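Peer 1: What follows is the residue order along each chain.
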Amino acid sequence: MSNRRLTSILKFSLLSLMLAFTNSAFADPVKAAFIYIGPTGDHGWTYAHDQGVNHLKDQLGDDVVITRIESVAENSDSERVITSLARKNDIIFTTSFGYMEPTIKVAARYPDVKFEHATGYKRPTDNISTYSARFYEGRHVIGKIAGRMTNTNIIGYIASFPIPEVIRGINSAFLAARSVNPDIQIKIVWVYTWYDPGKEADAARALIAQGADIIMQHTDSTAPMTVAEEEDGVRAFGQASDMSAWGPSAHLTSIINNWGPYYADRVKAVRDGTWTETDTFDGVEEGMVAFAPMENMPDEVMWEAQDTILDLDAGAVHPFTGPINRQDGSVWLAEGETPPMFPDIITMDFYVEGIDSKYPN
Amino acid sequence: MIRLIPRAQPSKAMIFLSPLLALTLTAVTAFFIFAFILTDIKVSSVFYTLFVEPLIDTYYISELLVKAAPLIMIALGLSIGFRAGVWNIGAEGQYVIGGITGGAVGLYFYNVEGFWLIPLMSLAAILGGMFYAGIAAFLKNKYQVNEILVTLMLTYVAVLFLSAMLQGPMRNPSGFNFPESRPFHDGALLPIIWQGTRLNVGLIIAVILSFVTWLGIKKHLSGLQIKITGSAPRAAKFAGFDDKKTIWFALLISGGVAGLAGLFEVIGPAGQITPGLPQFYGFTAIIVAFMSRLHPIAIIFSALLIALTYIGGENVQIYFNLPSSITNIFQGMLLFYFLACDVLIQYKIVFIKTIRQKL
Chain A
24 MSNRRLTSIL KFSLLSLMLA FTNSAFADPV KAAFIYIGPT GDHGWTYAHD QGVNHLKDQL
84 GDDVVITRIE SVAENSDSER VITSLARKND IIFTTSFGYM EPTIKVAARY PDVKFEHATG
144 YKRPTDNIST YSARFYEGRH VIGKIAGRMT NTNIIGYIAS FPIPEVIRGI NSAFLAARSV
204 NPDIQIKIVW VYTWYDPGKE ADAARALIAQ GADIIMQHTD STAPMTVAEE EDGVRAFGQA
264 SDMSAWGPSA HLTSIINNWG PYYADRVKAV RDGTWTETDT FDGVEEGMVA FAPMENMPDE
324 VMWEAQDTIL DLDAGAVHPF TGPINRQDGS VWLAEGETPP MFPDIITMDF YVEGIDSKYP
384 N
Chain B
122 MIRLIPRAQP SKAMIFLSPL LALTLTAVTA FFIFAFILTD IKVSSVFYTL FVEPLIDTYY
182 ISELLVKAAP LIMIALGLSI GFRAGVWNIG AEGQYVIGGI TGGAVGLYFY NVEGFWLIPL
242 MSLAAILGGM FYAGIAAFLK NKYQVNEILV TLMLTYVAVL FLSAMLQGPM RNPSGFNFPE
302 SRPFHDGALL PIIWQGTRLN VGLIIAVILS FVTWLGIKKH LSGLQIKITG SAPRAAKFAG
362 FDDKKTIWFA LLISGGVAGL AGLFEVIGPA GQITPGLPQF YGFTAIIVAF MSRLHPIAII
422 FSALLIALTY IGGENVQIYF NLPSSITNIF QGMLLFYFLA CDVLIQYKIV FIKTIRQKL
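Protein sequences, first through last, are from chains A and B. The first sequence begins at 24 in this note's numbering and counts up one residue at a time. The second sequence begins at 122 in this note's numbering and counts up one residue at a time.
Since the hints were derived computationally from the structure, they do not count as laboratory data. As the structure is a prediction and not an experimental result, all values here were calculated from the model. Wrong hints could be hidden among the right ones.
If the Cβ cut is set under 10 Å, some of the chain A residues that face chain B in the computed set are [to be verified]:
| no. | residue |
| --- | --- |
| 1 | Gln82 |
| 2 | Gly84 |
| 3 | Arg110 |
Which stretches of chain B does chain A cover? Using the computed rule of at least three CB atoms under 8 Å from a CB of chain A, they are [unchecked claim]:
| no. | segment |
| --- | --- |
| 4 | 128-139 |
| 5 | 157-164 |
| 6 | 231-239 |
| 7 | 392-399 |
Just so it is clear, CB atoms sit at the ideal spot from N, CA and C, and this is done for glycine as well.
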């Protein structure tokens, strides 16, 4: 009896060993597809995603087959592109907000395919995940640098669309700057575009003309950095990827969108059969928000910024820590209080007290 | 020296064969381009993806028809104007305005369902497009302003207007301020005529419009009037045709149809109004109209051909990682060969030696 049992156990373990072996050595590679809103280029939003995809390839090697499609317009064509990809892939990353409705529609028709939508908020079926990053943590760090580096006490902010993501960035940068420099003021120009070098350059010049000597941007081109480089005494921060090459003497640091580890994790999860629907909102701690090397600043400022990063990394500070009032003077957060993710951070639609621009509506 | 001399009797057979000839020439040219630039991909598989797969795969057939429908509609309207010598280059703008005005009605009645809803939205879209093209007709008749410039410039205005609308009154109230409208509810969406695909009644309407236009041009006096105004304006005047009326007619028709096409995009494949609404259908339809020699039935086929370049080009990008400009190259080559063939049917090339002797 015990002998037979032993045999069966042996048989069973041998079988599972074989299965495991088959799984790892002979399993088909995961087919992963990425849709980009713009050309890959050498900076900005899509470039940062593409760097992440390169990281994924480095990590998984032959376990993944990657398809990348650039410049897919956010119109009804995108649904067809996503469908075409869904027919041949295991997981699809749609890397811009405007793909939200098409992603949802295709996901409903292809329940066996996994979908990952960047910066969206709808997950009606259990094969859609959404992911974004706590970029306001990056703004917290550059806000501190800005507060120390300005001589005119005026930060110029080039904003894209008045969506919560952008509002969070403005509030976070302003609060951090004011925490190290009580006289700080922030001037905001809305350009209503994510990428338009001409408009962004005009906005940068207008802000400099109003006295700003620090330029922050929530847009994608290197034009503001180039303008800052041309002007004496003006410094700027890059966006989404390292923009130091466009402002050798103006560039302080850039907030870098580091999607690579996330992409590697998610594709590994598909390979291992552990993928589940989720909403990811990672920050400095998880490495999704990173920074370009800091330059053109005194060592003390850099050390302070590095300490801030370490604090964020340890989860020891929150960019929104009370007391904070709304622009109209009403209390948002009491002393020591931090806001809940939903609704306060996710739907943020107000300026904090001290910003004297009119809230766009 | 080379001269083009009109042929006395253009070949009837060549008039029918030239589209095929142009297509063949495009394919041959494309073959050489691919043979040059592709090193590790088989040219034959690229060709299969470009020209064959969209025609045999049911999903891509449905998408071909989805893509062709707005092109048919817009090109029909344009072809009427082009026949009359009225150059509406800004159908894209009228398309956007139609999408906005028609869509606005749908958003206003957001919680209401009824059989009258889509007809009412369609009416609003047609009127919107008509109004927008009407501006050019008014300026042309009253002040002799060139309609090419007016319609083209108004396209940029329309796109900015769309962006203003989506950041203001038409913005989804529960969409976190993203510049998009609410998705339309099912009662405001065009009925699907092929289940499991995006093909909607828009295609049927486009085909019906083709036949109506064909009959109108053939049987109705206004068809003759348009043709004569376009080909012989002085003769038209002597015949008592009112060229101002023709300008109004041509622009209002093309604007109205483009407006309707805009709405059908919004309540068809898009399902909501987004900043991505303008997608060059208005400009591509100009190619469609000329490739069909302004013939209303032929427009259906040339629209399908252009749709094929879109979908084949897109898949080539997906499968082989080739640049998206492939689509544009194909459209450009097609039009070039079509026009070149047409010129050579109507004219013959003559080498004139006498001039050289004089020199």
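Peer 1: Hint by hint, say whether it matches the structure.
Peer 2: Tested hints:
Among the interface hints, the one on A/Gln82 is violated; its C-beta lies about 21 Å from the nearest C-beta in chain B, farther than the 10 Å criterion. Contact between A/Gly84 and chain B, as hinted, is not supported at the beta carbon level, the nearest pair being about 19 Å apart and thus beyond 10 Å. Taking 10 Å as the C-beta contact cut-off toward chain B, the hint placing A/Arg110 at the interface holds, the least distance being around 8 Å. Closer than 8 Å: that is the beta-carbon criterion, and the segment 128-139 of chain B has 0 residues meeting it against chain A, so the requirement of 3 is violated.
Counting residues of the segment 157-164 of chain B whose beta carbon lies closer than 8 Å to any beta carbon of chain A gives 0, which falls below the threshold of three, so the coverage claim is violated. Counting residues of the segment 231-239 of chain B whose CB lies closer than 8 Å to any CB of chain A gives 0, so the stated coverage by that chain is violated, three being the minimum. Only residues whose C-beta sits within less than 8 Å of a C-beta in chain A count toward coverage, and the segment 392-399 of chain B has 6 of them, enough to reach three; the restraint holds.
Consistency with the previously given hints fails for numbers 1, 2, 4, 5, 6, ordered from lowest to highest.
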